[in-house]
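Q: Given the sequences, and given the hints that come with them, work out the whole structure.
There are 2 protein chains.
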Amino acid sequence: MAAPDPGLLSLNTATVRAQWTLPEIIAGCARHGIRGISPWRDQVAAAGLADTAKRIRDAGLAVTGLCRGGMFSATDREGRRAALDDNRRAVDEACELGARCLVLVVGGLPKDRGGRVASKDLIGAREMVRDGIGELLEHARSAGMPLAVEPLHPMYAADRACVNTLAHANALCDELCPKGEDGLGVAVDVYHVWWDPELKAGIERAGAANRLFAYHICDWLVPTTDLLNDRGMMGDGVIDLPLIRSWMEAAGYRGMHEVEIFSKNDWWKRDPDDVLTTCRHRHVERS
Amino acid sequence: MAAPDPGLLSLNTATVRAQWTLPEIIAGCARHGIRGISPWRDQVAAAGLADTAKRIRDAGLAVTGLCRGGMFSATDREGRRAALDDNRRAVDEACELGARCLVLVVGGLPKDRGGRVASKDLIGAREMVRDGIGELLEHARSAGMPLAVEPLHPMYAADRACVNTLAHANALCDELCPKGEDGLGVAVDVYHVWWDPELKAGIERAGAANRLFAYHICDWLVPTTDLLNDRGMMGDGVIDLPLIRSWMEAAGYRGMHEVEIFSKNDWWKRDPDDVLTTCRHRHVERS
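Residue numbers (the numbering used here), protein chains in the order written: chain A, 5 to 291; chain B, 5 to 291.
Watch out, some of these pointers could steer you wrong.
A pair counts as met if it fits within one copy or between any two copies, since identical chains are not told apart.
Stated by the list, open to error - Below, simulated SDA-like cross-link-like pairs (lysine to any residue); rule was C-alpha separation at most 25 Å, straight line:
1. Lys-204 with Arg-290
2. Lys-204 with Arg-258
3. Lys-268 with Leu-232
4. Lys-115 with Asp-230
5. Lys-273 with Leu-231
6. Lys-268 with Arg-290
7. Lys-268 with Leu-231
8. Lys-115 with Glu-202
9. Lys-268 with Leu-247
10. Lys-204 with Ala-254
11. Lys-204 with Thr-282
12. Lys-115 with Leu-247
13. Lys-115 with Thr-25
14. Lys-268 with Thr-229
15. Lys-268 with Asp-230
16. Lys-273 with Arg-117
17. Lys-273 with Asp-230
18. Lys-183 with Thr-25
19. Lys-183 with Tyr-257
20. Lys-58 with Ala-147
Because the hints were derived from the structure by calculation, they are not lab data.
A: Below you can see the structure in the form of structure tokens.
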């Protein structure tokens with residue numbers, strides 16, 4: 005495998021969210037020669053949408069995605085309606101930011117108002133997710149904003165996303181866009197899918213349908229000490245990143261490589277300029 | 005769903021391993037009217053194989069499985085040979101205990117002698133696992149001991165088992181026993197597979213081939229605070245246990261329901277008699 009083009013590196017802002025505000029992250033990307041960014045909605049809200057859009061434009065950054073829409077499942081009709089309204093706003097924000105796509109973390113089992121899982125009906129939750137994406141798709145299409153379904157690791161099936169394989173995400177795309185219409189695709193995050201024996205086939209299938217909208221990289225650490233916030237820097241774990249990148253490229257993906265690392269006890273405690281320097285090196289050398 | 009027959013409850017000895025020795029666990033099962041047991045090899049070694057076999061016979065317990073064989077992947081030929089030798093001994097021990105099957109946790113990425121993951125070649129690891137099971141199968145068949153491949157949750161793909169879906173386990177069985185020969189099947193542990201959208205299909209496929217050798221129950225807690233040792237008691241988590249049991253029964257499974265709970269901060273700290281009482285109640289009422 006040839007090393008990746010350094011110009012394809014993008015930074016998911018979660019990677020340094022503990023240290024920097026969004027304006028600081030945008031400035032950091034510019035300073036380090038990182039050409040893409042993928043911000044989170046709470047950070048955008050805190051910094052202001054219009055101001056953020058301007059800063060990103062002025063810095064010349066591509067927006068490889070907005071994190072995140074989704075969370076479609078809810079215990080009642082009102083909850084599902086509220087989720088849909090919020091998702092429509094997310095689509096509009098993604099448009100204003102000029103994002104490549106709105107990333108969808110689709111939601112797990114329905115939760116009550118206290119945030120606790122209130123149902124064991126996983127099949128029903130998956131139906132809610134399908135219906136929610138279907139409803140959002142109308143607004144997203146009219147706004148011209150692609151939706152990227154991100155399959156999450158099965159360990160998040162209950163509380164974050166009940167779409168846990170690329171095969172399932174591909175099937176959702178097929179069901180909701182049976183004629184191969186534009187506007188619905190997938191985000192491939194190595195952390196979530198690296199273990200899947202069907203990963204290569206799933207990437208090929210998504211690529212053949214022009215549905216590879218985003219590619220997220222980091223690493224799986226052994227041991228992993230926290231289900232949420234113990235992701236590794238590329239090269240520090242066990243994922244064969246060049247191999248998965250080769251599958252993405254063979255399937256026609258030409259987009260950026262977005263580094264997304266949640267790391268409570270390591271990277272979130274380091275100097276953020278050092279983190280970005282390391283991202284740049286590891287992107288070229290280890291992914 | 006009708007409640008399960010209380011006589012189908014079996015106890016995986018890991019559930020109270022922090023509190024009791026194996027002889028104490030055997031006596032506890034007898035005292036609580038639990039009719040099945042599934043011991044771990046380290047406990048059997050500590051208590052003595054012949055003595056354990058006698059105690060289990062005297063207590064009239066069915067042995068729903070021996071935990072565990074597997075761990076086939078290794079960095080070199082010598083390591084793979086040592087693993088195979090150890091697996092043959094596990095088969096013999098399972099025979100002496102009169103176990104229903106030897107449960108295989110197949111191993112993850114190859115590790116070095118220090119126990120650290122030494123390769124990122126997941127595809128290669130899966131080939132080693134296939135070859136290892138294939139080699140062990142000869143000895144197991146001549147000994148008359150069924151081998152049960154247990155797909156483990158994808159979060160264990162790197163360090164414990166690189167077979168992470170029932171579909172993959174079924175495919176291994178098909179590949180190694182193309183004519184539907186006896187002696188190779190699967191262990192379905194809800195903790196590992198509950199999230200899988202293809203679970204029902206996988207159970208049906210295994211059942212149609214008479215490959216459902218074991219059924220393990222517990223629950224998935226939200227939040228889960230530890231990747232290894234934070235399993236829940238049936239009813240305390242989010243798994244729809246009656247639904248999965250209905251799939252097992254519809255697929256022809258008539259074996260026991262083995263409770264296997266690793267719980268560092270909860271069940272391992274409780275009075276073990278209370279744990280067994282709770283297992284009995286929750287088995288009937290919540291699974």
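Q: Hint by hint, say whether it matches the structure.
A: Cross-check of the supplied hints:
1. In this homomeric assembly, Lys-204 and Arg-290 come within 25 Å of each other (Cα to Cα) only inside a single copy, at 20 Å, whereas the closest approach across copies is 39 Å.
2. With identical chains, the CA atoms of Lys-204 and Arg-258 are at most 25 Å apart within one copy only, with a shortest distance of 17 Å there and 37 Å across copies.
3. For the homomeric pair Lys-268 and Leu-232, the shortest alpha-carbon distances inside one copy (9 Å) and between copies (19 Å) are both at most 25 Å.
4. Both within a single protomer and between protomers do Lys-115 and Asp-230 lie at most 25 Å apart by alpha-carbon distance, with minima of 22 Å and 22 Å respectively.
5. Taking the shortest alpha-carbon separations for Lys-273 and Leu-231, both the intra-copy value of 18 Å and the inter-copy value of 23 Å come in at or below 25 Å.
6. In this homomeric assembly, Lys-268 and Arg-290 come within 25 Å of each other (Cα to Cα) only inside a single copy, at 22 Å, whereas the closest approach across copies is 36 Å.
7. With identical chains, the CA atoms of Lys-268 and Leu-231 are at most 25 Å apart both within one copy (11 Å) and between copies (16 Å).
8. Taking the closest pair of Cα atoms, Lys-115 and Glu-202 come within 25 Å of each other only across two copies (24 Å); inside a single copy the shortest separation is 30 Å, beyond that limit.
9. Within a single copy, Lys-268 and Leu-247 get their C-alpha atoms no closer than 28 Å, and across copies no closer than 37 Å, so neither meets the 25 Å cut-off.
10. In this homomeric assembly, Lys-204 and Ala-254 come within 25 Å of each other (Cα to Cα) only inside a single copy, at 10 Å, whereas the closest approach across copies is 33 Å.
11. In this assembly of identical chains, the alpha carbons of Lys-204 and Thr-282 never lie at most 25 Å apart, being 28 Å within a copy and 44 Å across copies at closest.
12. In this homomeric assembly, Lys-115 and Leu-247 come within 25 Å of each other (Cα to Cα) only across copies, at 20 Å, whereas the closest approach inside a single copy is 38 Å.
13. Taking the shortest alpha-carbon separations for Lys-115 and Thr-25, neither the intra-copy value of 30 Å nor the inter-copy value of 41 Å comes in at or below 25 Å.
14. Within a single copy, Lys-268 and Thr-229 get their C-alpha atoms as close as 10 Å, and across copies as close as 14 Å, so both meet the 25 Å cut-off.
15. In this assembly of identical chains, Lys-268 and Asp-230 lie within 25 Å of each other by CA distance both inside one copy and across copies; the values are 9 Å within and 15 Å between.
16. In this assembly of identical chains, the alpha carbons of Lys-273 and Arg-117 never lie at most 25 Å apart, being 33 Å within a copy and 32 Å across copies at closest.
17. In this homomeric assembly, Lys-273 and Asp-230 come within 25 Å of each other (Cα to Cα) both inside a single copy, at 16 Å, and across copies, at 22 Å.
18. For a Cα distance limit of 25 Å, the shortest separation of Lys-183 from Thr-25 qualifies neither inside one copy, at 42 Å, nor across copies, at 62 Å.
19. Taking the shortest alpha-carbon separations for Lys-183 and Tyr-257, only the intra-copy value of 21 Å comes in at or below 25 Å, while the best inter-copy value is 41 Å.
20. For the homomeric pair Lys-58 and Ala-147, the shortest alpha-carbon distance inside one copy (20 Å) is at most 25 Å, but the shortest distance between copies (73 Å) is not.
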